[in-house]
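J.: Got chain A sorted already, so can you dock chain B onto it with the hints?
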Amino acid sequence: MYMHSPFKHIQAAHCESGVTNSLLRNAGIDKMTEPLAFGIGAGLFFVYVPFLKINGGPAIAFRSFPGIIFKQTCQSLGIPVTRKKFSSKEAARLFLDQCLSEDLAVGCQVGVYYLPYFPREYRFHFNAHNLIVYKKEKDHYLVSDPIMETVASLSEYELERVRFAKGALAPRGQLYYPSLQGQTIDDEKIKQAIRSGIRKNVFNMLHIPGPIAGVKGIAFTGRKIKKWRDRLGLTKAGLYLAQLVRMQEEIGTGGGGFRYIYAAFLQEAYDFHRIEELLAISGQFTRAGDCWRDAAIQAAGIYKGRLGSQHDFDAMGDYLLEISEMEKKAFTALSKIKWH
Amino acid sequence: MKKEDVPQDLSSLGKITTEICYATDEAGKYTTQPSRGWDVKIGALDVTWENVEKRVKEAQERMAKGEVSPLLYLMEKNVMDIAILADYTGFWKWRVRGHLKPGVFSRLSDKVLQKYAEVFNSTVEELKSMNVHA
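Top line first, the protein sequences correspond to chains A and B. Numbering of the first sequence is given in my numbering, commencing with residue 19 and proceeding in unit increments. Numbering of the second sequence is given in my numbering, commencing with residue 1353 and proceeding in unit increments.
Honestly, the hints are just simulated from the structure, not real lab data. Just so you know, not all the hints are guaranteed correct.
[Unchecked claim] Far from chain A by the CB rule (all over 10 Å, computed), these chain B residues:
1. Q1360
2. L1362
3. A1416
4. K1417
5. K1429
6. K1453
7. V1464
8. E1477
[Unchecked claim] Just a few of them, taken from the derived set where beta-carbon distance is under 8 Å, the chain A residues facing chain B:
9. A30
10. H143
11. K184
12. E267
13. T304
The model shown is predicted, which means the values in this text are computed figures rather than measured ones. By construction, the Cβ of each residue, glycine as well, lies at the ideal position given by its N, Cα and C atoms.
Same shape as in the complex, but just chain A (with noise of 0.2 Å):
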């Protein structure tokens, strides 16, 4: 993908999404847009995995597993992608040189650890972060992070050392850019994308076998959390449910575990295919996001010490047991509708 001279830092709410959408309309696909890269990307998720730790707490993600966001979108849209892992840190850092030499953004997995730019609070052994480099001037590279509102500067070293974090999903110096060549993407294209997307997040939140993932996983989550309290004391349950809310509202999700994003999503393909169910379940969504929210304000009550009963706890777990209905709804709503 060749810019359309200087590249334009966009910033977004999710990484993932927020460098797909930044390298698409960096590319000239001027009708993207965060939510449309998210949706059509099936960005949607949930699961709990609970034999898995991260950094001592439950295994939980709101999000696709990394790098099916950008694959999805690209895929769906028709457009070729190049995506490479190094096992050497010169070869990566050769590579990307030569990417830059040729005016070509790529996106680049990472991990947060080592990132000079985060504030230190935000920096956790986590790989699955993703930002756009544009640029290389002398030693220095000119990074477009989405989350950030500003474009930031590292050296060769500190990026070869995000480039190159270790530990769970090490992103062993991955990147990744699309290949588009000439071809322009119409309404039609996009239109075909929206319904693939919706076709697969519908299947990844209602049809995935197990208990772990999708409505049934949040459901099994509301469970367990009953049982926290007595199986794990008090601090550690409480260390737990400040993950859980963490995953779900911390820097990347827009809001809600990523729900508010997903309704914005529904909005703009009913400006695509105008078909008004779009709009009822857009609204959905935005309840649960809103029920994913309350949720959090009562685990923060817990984690804070203002709760601690059972009772508190119980109310936590019907949270998600009510939100594990409301999007069951919404997504057999959005697997029923006649598109034209």
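T.: Relative to chain A, chain B alone:
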């Protein structure tokens, strides 16, 4: 969530950048609204870091008593666990687990210590001087 309800509680990130939130305007149409942070999230981060600090302090006390090697303290201080430390050093997890014992640690070669020193941005001498186990 309505645009005017997007929280603006100043967080440590909020001092550096706003975050984009998706919220609805008067007509119910989605738009983006920058946020400076939310108390609920600030609280979640606070308890998480309080827990990290508690673990660091415990590791430090156990190190001072000679119960564990300096590596446990440095691991906790760098918010790592054994899996992450193993990945950064290239050692197997069971080896890293052994290195956390002061007796095993005191017999480590400089070559092995150098690996840890690199990860923790320290030196071999510094690591050795931290070990209280004779």
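J.: Hint by hint, say whether it matches the structure.
T.: Verification of the hints:
Every Cβ of chain A is farther than 10 Å from the Cβ of Q1360/B; the closest lies at roughly 13 Å, confirming the non-interface assignment. Its beta-carbon lying about 12 Å from the closest one in chain A, L1362/B satisfies the requirement of being farther than 10 Å from that chain. Distance check for A1416/B against chain A: the nearest CB is about 23 Å away, which clears 10 Å, and the non-interface claim stands. For K1417/B, the condition that its CB be more than 10 Å from all CB atoms of chain A holds, with the nearest at approximately 23 Å.
Annotated as non-interface, K1429/B keeps its C-beta farther than 10 Å from every C-beta of chain A; the closest such distance is 12 Å. Non-interface status of K1453/B relative to chain A is upheld: no Cβ of that chain comes within 10 Å, the nearest being about 21 Å off. Every beta carbon of chain A lies more than 10 Å from that of V1464/B, the smallest distance being close to 17 Å; the non-interface claim holds. With a minimum CB-CB distance of about 24 Å to chain A, E1477/B clears the 10 Å threshold, and the non-interface call stands.
The interface hint given for A30/A is met, as the beta carbon of that residue sits about 6 Å from the closest beta carbon of chain B, less than 8 Å. With a cut of 8 Å, the hint placing H143/A at the interface with chain B holds, because the nearest CB-to-CB distance is about 5 Å. With its C-beta approaching chain B no nearer than about 4 Å, K184/A sits inside the 8 Å limit, and its interface hint holds. The interface hint given for E267/A is met, as the beta carbon of that residue sits about 5 Å from the closest beta carbon of chain B, less than 8 Å.
Against a cut-off of 8 Å between C-beta atoms, the interface hint on T304/A holds, since the closest Cβ of chain B lies about 7 Å away.
Comparing the model with each numbered hint stated earlier shows that all of them hold.
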